[in-house]
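As given, the protein sequences belong to chains A and B, one line each in that order.
With my numbering as the guide, the letters of the first sequence map in order to residues 1 to 215.
With my numbering as the guide, the letters of the second sequence map in order to residues 216 to 729.
Among the hints, a few may not be true.
Covered stretches of chain B, as calculated for chain A (at least 3 residues, CB under 8 angstroms) [to be verified]:
id : segment
1  : 322-331
2  : 464-472
3  : 507-519
Since the hints were made in silico from the structure, they are not lab data.
All C-beta atoms, glycine included, are put in the ideal place defined by N, C-alpha and C.
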Amino acid sequence: MSARDDVLARIRAAARTGADGTGPASFAAAPSPGPRYRTRSELAGPELLELLASRLTDYRALVHLASAATLADEIGAALRRRQARRIVVPPALRLPLPGFVTATADTRPFLSPAELAAFDGVVTRAAVAVAETGTIVLDGSPDQGRRAISLVPDYHLCVVEAGQVVHLVPEAVARLAAGRPLTWISGPSATSDIELERVEGVHGPRTLEVVLVSG
Amino acid sequence: MTAFLGLPGWPGRPGSRRPPAEPAHAPRGVGHLRAADPFPVAARRALADAQLRRNLGKATTTIRAKRAAVVSELPDWEELRAAGEAIKTATMADLDRHLEQLDAAVTARGGTVHWARDAIEANNIVTALVQAAGATEVVKVKSLATDEIGLNDALAAAGIAAYETDLAELIVQLGHDRPSHVLVPAIHRNRSEIRDIFLREMNDVSPDLTDDPAALAEAARQHLRRKFLSATVGISGANFGVAETGTLCVVESEGNGRMCVTLPQTLITVMGIEKVIPSWADLGVFLQLLPRSSTGERMNPYTSMWTGVTPGDGPQSVHLVLLDNGRTAALADPVGRAALHCIRCSACLNVCPVYERTGGHAYGSVYPGPIGAVLSPQLTGIEDNASLPYASSLCGACYDVCPVKINIPELLVHLRARHVEEARRTQRLPSAEAITMAAASYVLADPGRLAAAQSASRSGRLLGRRGRITALPPPLAAWTRARDAPVPPPQTFRQWWQGHHGDDRGDRDDRGDQ
């Protein structure tokens with residue numbers, strides 16, 4: 001008998017062990033009345049963006065609000081402050097980058113981890129953002145790129161559109177496609193392993209900057 | 216006589232529950248589920264360490280406050296807990312079907328699924344996969360399952376170096392130490408101890424290293440960066456495996472998890488079979504329950520999810536090892552199986568008055584604290600961890616904070632009863648406990664005998680000092696090894712009553728009214 005068959009047989013034998021040593025009746029779950037926790041929210045518009053901004057800031061991300069008209073300026077100002085000149089970008093970022101930046105698109109043959117480590121930073125878009133938890137989710141679409149490009153460089157600038165923001169975690173889960181490689185990001189990398197004192201910046205990007213675009 | 220906490224019904228009834236076959240427990244001699252010493256012995260050692268108690272007290276106090284703050288933010292916390300419990304109960308009810316579905320979904324997406332009956336089999340599978348990839352070193356994300364099976368030892372025996380990349384696990388590994396907490400494995404070390412370990416064990420660290428946590432984290436970053444960028448095999452556990460989609464999920468903070476599941480060409484994930492969840496939507500529940508309960512954050516900094524192989528992104532050789540190692544034995548206990556609902560948040564450790572004083576090492580298993588006290592004995596068989604179900608005051612704080620509402624006090628009492636029952640079946644001589652209970656039953660059955668016994672008990676006053684007896688003679692010594700007994704009072708209640716109400720005494724009093 002294969003290990004698979006063996007383990008499955010053990011599970012079925014265990015399931016037959018009811019409270020009285022007989023049938024599986026005690027094992028069956030009660031029928032669920034459907035979720036009673038919040039799965040939808042009416043929160044929208046500026047309130048939603050404000051909540052996301054404050055929760056991101058709470059976890060030490062740098063946050064800027066922009067409109068379609070000021071987006072290019074905000075991106076340029078952020079990269080200038082950071083003195084980020086050599087930037088890696090996903091294959092189809094479609095964002096205006098300032099003239100002082102040399103942007104390298106990560107297309108086949110892909111950049112190696114060592115090459116990625118040499119960049120000053122990465123600029124991506126996002127798939128979804130969760131306001132209540134201050135979370136940005138990347139799903140590997142062409143405007144976000146491979147997981148490695150938003151991981152190895154020490155600085156991540158992420159542009160989030162208002163229409164991508166939801167209030168609740170279940171709303172984000174419902175929007176995301178399971179088959180894609182997903183990265184949920186809530187602030188820069190951090191550890192609390194030493195006396196539970198939070199230290200920002202361990203292995204992932206030590207600085208996360210977010211531009212929220214409304215209108 | 217009804218419920219006696221921690222004591223058997225006596226005279227005993229025949230065992231009411233007998234599994235159809237001997238359950239398959241985690242094998243001896245491999246992994247980290249069994250203690251070298253029983254809990255009272257190990258706890259005594261831990262309690263003598265004042266530094267350890269200071270570190271633990273500070274850490275657990277901090278994290279309790281953080282958890283309470285973020286839990287109180289959510290208006291639907293209790294509904295989420297109820298949903299978490301319901302999903303886990305439903306999962307266990309159809310565990311075979313969910314695992315088959317997970318297997319099929321991962322396979323359909325280009326992953327390879329392996330099944331392991333126990334730790335030995337899992338270690339062999341992983342070792343063979345690493346060797347097939349031609350690697351002599353691997354990077355690891357913190358994973359309780361791989362610690363449970365002793366994977367690092369097995370890899371070392373095959374000449375493969377396993378590098379722990381979580382900061383706390385790195386501290387533990389470099390300190391040639393054992394983890395003492397599910398979430399913060401180095402909770403027993405303070406900053407200056409950690410600096411000393413780094414200075415001693417890292418060959419690339421500056422001798423000027425301070426004990427500032429940020430400086431220590433930076434040293435770890437430098438130390439591991441080269442490993443991450445060159446590693447060809449990564450090994451992880453999984454917080455969740457979604458049956459419906461084949462998606463695996465790792466929740467972490469530092470980015471070491473992202474490094475390990477993204478950069479290597481080969482990724483091997485070891486997951487206990489109880490970590491499967493039925494549907495994609497279930498993540499919406501657990502991604503709220505887990506971070507708030509464990510680190511006390513609204514969301515942990517990084518969560519990675521992958522579904523088989525994604526061409527051009529991340530590892531192109533993806534393996535999942537599904538591990539039993541005693542889990543089906545726990546499943547066979549209709550009460551005890553609730554311990555399998557655990558999502559390893561560690562909230563129960565942080566609120567436990569026993570854990571807060573002894574720390575994790577005293578439990579002798581990779582799963583310490585209240586949940587460990589009910590999980591470890593079920594994985595190994597109770598006789599191999601017999602003292603753990605007693606390592607609790609049954610105060611119930613663990614149940615209150617559990618995000619999936621595992622009734623740990625109830626499980627503790629249940630396992631104590633099972634332990635006594637199993638011991639009675641296998642031992643030919645009755646235990647001291649059994650003799651005591653039989654004697655109590657004889658004495659309590661007759662008022663005259665009770666009066667005589669109470670009168671005799673006053674001789675016990677000779678053993679006491681300041682109202683306490685700290686050492687009773689055998690066979691009662693077992694009781695006073697871990698607790699003091701009060702000195703018997705100078706007069707019994709009956710004698711007191713007779714002295715105060717001597718006038719209206721009647722024979723009816725002696726007949727008792729029970």
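Proximity test - 8 angstroms, beta-carbon atoms, the segment 507-519 of chain B to chain A, at least three hits:
With 9 residues closer than 8 angstroms to chain A, the segment 507-519 of chain B meets the three-residue bar; holds.
Quick check: do three or more residues in the segment 464-472 of chain B have a beta carbon closer than 8 angstroms to a beta carbon of chain A?
Per the Cβ count (4), the hint holds.
At least three residues with a C-beta closer than 8 angstroms to a C-beta of chain A: is that true for the segment 322-331 of chain B?
Holds: 4 residues of the segment 322-331 of chain B have a Cβ under 8 angstroms from chain A.
The earlier numbered hints are all upheld by this structure, with none contradicted.
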